[in-house]
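Colleague: Residue-level listing of the chains:
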Amino acid sequence: MAPSFTRRLRQETPSWVRDGVVTAQQAETILARYPESGRWFQRPIVVFSVLGGALVVLAVALLVAHNWHEIPRWAKLAGVLTFLLGAHAGGLVLRARGQGLMGEGLFVLGGGLFLVGIALLGQIYNLAGGESDAVLLWWALLLPAAYVLPSIALIALGWLGASVWFWMFVLDRMTWLGRDIYSNGSLGAVAFGAAGVLVWALGALHGDGEFRRARQLLEQLGLLTILVAMVPLGLLRQLGAWWSSGEATRWPVAVLVLLGLAAVAVGVASFRLPPDRPVVRAGPAAALLLVLLYLFAVTLQLIHRAAADVFRMLGWTNWAILLVVALALILYGARWDRSAWINWGVIWIGVDAVARYVELVGTMLQASALFAATGLFVIALGGALELLRRRVTARTMAPRGSA
Amino acid sequence: MRRGLFIAAVVLQALVLVGWSASLEWELASAVRIRLEVVQRDPRDLLRGDYVWLQYVIADIPLGTIAGGRPDYGDRVWVTLAPQDNVYALAAASRAPVAPGPGQRVIVGRVQTLSTTARGPEVHIVYGIERLYMPEGRGVLSRGGKFEAEIALAAGGRPFLTRVFVDGRPYP
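Protein chains in written order, with the working numbering: chain X, 77 to 479; chain H, 9 to 180.
Read the hints as simulated data drawn from the structure, not as lab findings.
Heads up, a few of these hints could be off.
Partial chain X-side listing against chain H, Cβ under 7 Å, derived [what the hints assert, rightly or not]:
hint : residue
1    : His164
2    : Gly193
3    : Ala204
4    : Ala221
5    : Leu247
6    : Arg249
7    : Met250
8    : Phe287
Think of the CB as a built atom: it goes at the ideal place given N, C-alpha and C, for glycine as much as any other residue.
Just chain H, same shape as in the assembly (with noise of 0.2 Å):
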């Protein structure tokens, strides 16, 4: 019986981790693709290795264009993307889902910080799109250049991060 029911924990763990994957890749196939520009870069996780950290134009945004009020830390903020220059820019932000104009994309992510800059308040949004996973030694990239990402959007505005790019050639 205790037996029995040990094995059906373990598989209950291993299915959730092929379930969890399924759904993941269910959403990457159905995701549109779109290319972010980013500002900063650079270390290592224990668990999962080297990684590229980026940091997206789109995620430092003036408080006052956000509609519906100043968020709290963690709330989710709905951010209409419009295409600019090859690279998809902040049209509007919102606290509550939006649909998007002809064109536009909406990305969702959630406030990590409220600061004061010499642009006056600002929130800063992570997307879950932060890090960018290399094989061991490769995780830092050259300084200069132009870097873009390349996002898929799921249906629901969840970012995936497929891969970046270094003046337009895929990196690594």
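Pulled out of the complex, with its shape left as it was, chain X reads as follows (with noise of 0.2 Å):
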């Protein structure tokens, strides 16, 4: 049960009772039904396995990369097999003895391991370069187990690895990705945003569930991504020739592919949003579709080296994505019930609104009016917002047959 419905069941109960909606035996009633059990992750039990689990694989690799010259190969890769197997077998053991928050601490010591056994081939054999694949090894056998487990745990430290991964293989000029970045480093801000995007998509597609965690996780992760992504290409006029240098200007396929790839994950994804009209339902989807179709324009322009002109209105447009992005956040966290969309939908404003006022440092009378409109268009929207939930909460407390 979501901690934040049996918190408000908490907070609403008394008032139906004052109410005469239900008699006080009926709210007690209710209240035992959906026991209050606290968010997961603040039992301590989970906070201490989890980083006790992580300590260990911290201790294991510091034992390998101590690197004993006399303990033969085998009894290296043998020593670190029976660990990991060890930890699993031992975390099952536990998630069958109703232990299973314990259990997380030695999945998440299990996944650990098997990047600690990586690197030790990677010690044995003097393997050099290509650190982006080991990491990419690691994660993309990691999920699989995680998932059928399935360990939330386990599940983020999947994700983790992959965010590492995509980090190390962008900045491998090496790489197909890292190879299109390094010829203009702007694009890594747009591969940046779409990767965002993609990973929103991934998170939404994990529904309601058995894996809402996963989704929650993977959802605030991509909409941070997009963000940090997404000021920086706003301000690309501002930073002069930087959006310009690079020695290419061909076709930089791997980027492209990203998009594309993100583009038909939303496209996906949006099918697994909560039950609504279609067209409300396709709301979200269009806004990160938006986000991609700039993200395009961009990489376009770059390619094209285009004038400073074009690089100004795609700053105006960046500012007015990232505020119908952010509105659209919070309007669907509010329908939806999703308070993190609507905490990450503020943030994006505020965050928004400081990159403007940085960016229009010169022409104050033109940032002011844009600063006054948007500022009354918040306000009206909050406004509008709070007579749509005084409305709502009327038509519920309505008898019925007045309706």
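Grab the two chains, each in its own frame, and use the hints to assemble them into the complex.
Modeller: Dropping the structure here:
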């Protein structure tokens, strides 16, 4: 049961009793039906077991890094494999005994030891280069195990690995994506923006069932990544000649493939959003497709080395898209009871406002007009939301026969 | 059912590690040993420990000597080596696989950087043998002396760094 629901229930039931909606006894029965469990990550046992597992992984990693030449290669590998299999077996036993939260720590330990095993092979055989390939192997084999179990800690670890891998992949100029980005640094922000949309869509695909927590994690990671990518793109003109730096104007095929992949993922993810009217349900996907369209436009202009005026226009478009997506997040978050979306919408607006303040220094009258118009719009929107809330509350409170 | 799938997934991880290790052992066992001259060495990897960073004389290749035109970042390059004063030195380079002449060997690397030096445009190649992992505290070689690396070259040109020689003696 979602902690927000049980908490809300405890806040609301006294007023239900006061207004005669339910009797005091009925309220107690309802509360007993939904015991307050607290957020899963606030349970000390989860924090300590996951932290403990991570610390043991680090201990084994350092032990491996110490590198005893006297120990035969196969003995080293067998040692890590024994720890790995033992950790997972221990996790399964604890879970079977109803101590699943403690078992999470052992699963994290097992997942981390798999990475240690990969690193050990690199050490034994003096393998240099291709570090991102090693991390790819780790998370690609870790996530299937995490999902079939399922273990939220292992899933989080796997996606953390995927995020680290993406960073390494982008920063390595010898990879197909890194090669594009080294040809023009601004494409790095485009790639991260597309990856953010892809991660959000992958999160939405998890739905509201068993993998709800994974959805929340990935959606937030995606929204953070999009924001971090969009802000510098909005400042391309201010960054001077940096946006046009780079040696080549060839088509960045890898970046375009990533944009296409993100577009397909958003389309598919829209079917996994909460049930609503089709037009309403298409809203979040449409907002994020707008982001992808913008990223595509930036890519085209970077290839064609467009004039500064074009980048000025793209800067304004960036501002508008950030605002539109932020408002969509707030509205849909309120509609579908997803408080994280609301929080991110507010953060987006705040960050966008600061970025625009920096961008518009020098044209203060225009900036003033823009801020005033946006501020009034946001205040009006807040008022409209409050009216909507009151209307819904009044409708709920009214006796059925009077409707 | 799920428990079984999880066990299968974990066993797959273990099998990948064992299989990978076995394939590396297989390649090493059938590889020929050559020596390359080393011009630079040096840090610490948090997962794999102390290592000596090696840069090979054959890593920097004049762009003009690469057959098949200018390569891009990450492209593979087949470098032909010929024996010269107890070590193997650069003889030719190509963007396509080549058959080595008598006594020659072929090593495969990937383009890391393209730069222009006093000697003209050059390509820096990495071979995946630039790190020699050492026991803790022994990852720094003394300056001076002649450094050579023993490389096991697999049939397809994939190199494995097996050990380092300082003034002809194995280190450490």
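Colleague: For every hint, state whether the structure bears it out.
Modeller: Cross-check of the supplied hints:
1. Hint status for histidine 164/X: holds, given a least beta-carbon distance of 5 Å to chain H, under 7 Å.
2. Because the closest C-beta pair between glycine 193/X and chain H is about 5 Å apart, less than 7 Å, the hint holds.
3. Hint on alanine 204/X holds. Least Cβ distance to chain H is approximately 4 Å, under the 7 Å limit.
4. At its closest, the beta carbon of alanine 221/X sits 3 Å from a beta carbon of chain H; the interface hint therefore holds under the 7 Å criterion.
5. The interface hint given for leucine 247/X is broken, as the beta carbon of that residue sits about 12 Å from the closest beta carbon of chain H, more than 7 Å.
6. A least Cβ separation of about 5 Å between arginine 249/X and chain H falls short of the 7 Å threshold, and the interface hint therefore holds.
7. The interface hint given for methionine 250/X holds, since its Cβ lies 4 Å from the closest Cβ of chain H, which is under the 7 Å cut-off.
8. Interface restraint check for phenylalanine 287/X: the shortest CB-CB distance to chain H comes to about 13 Å, outside 7 Å, so the restraint is violated.
In summary, the numbered hints that this structure violates are 5 and 8.
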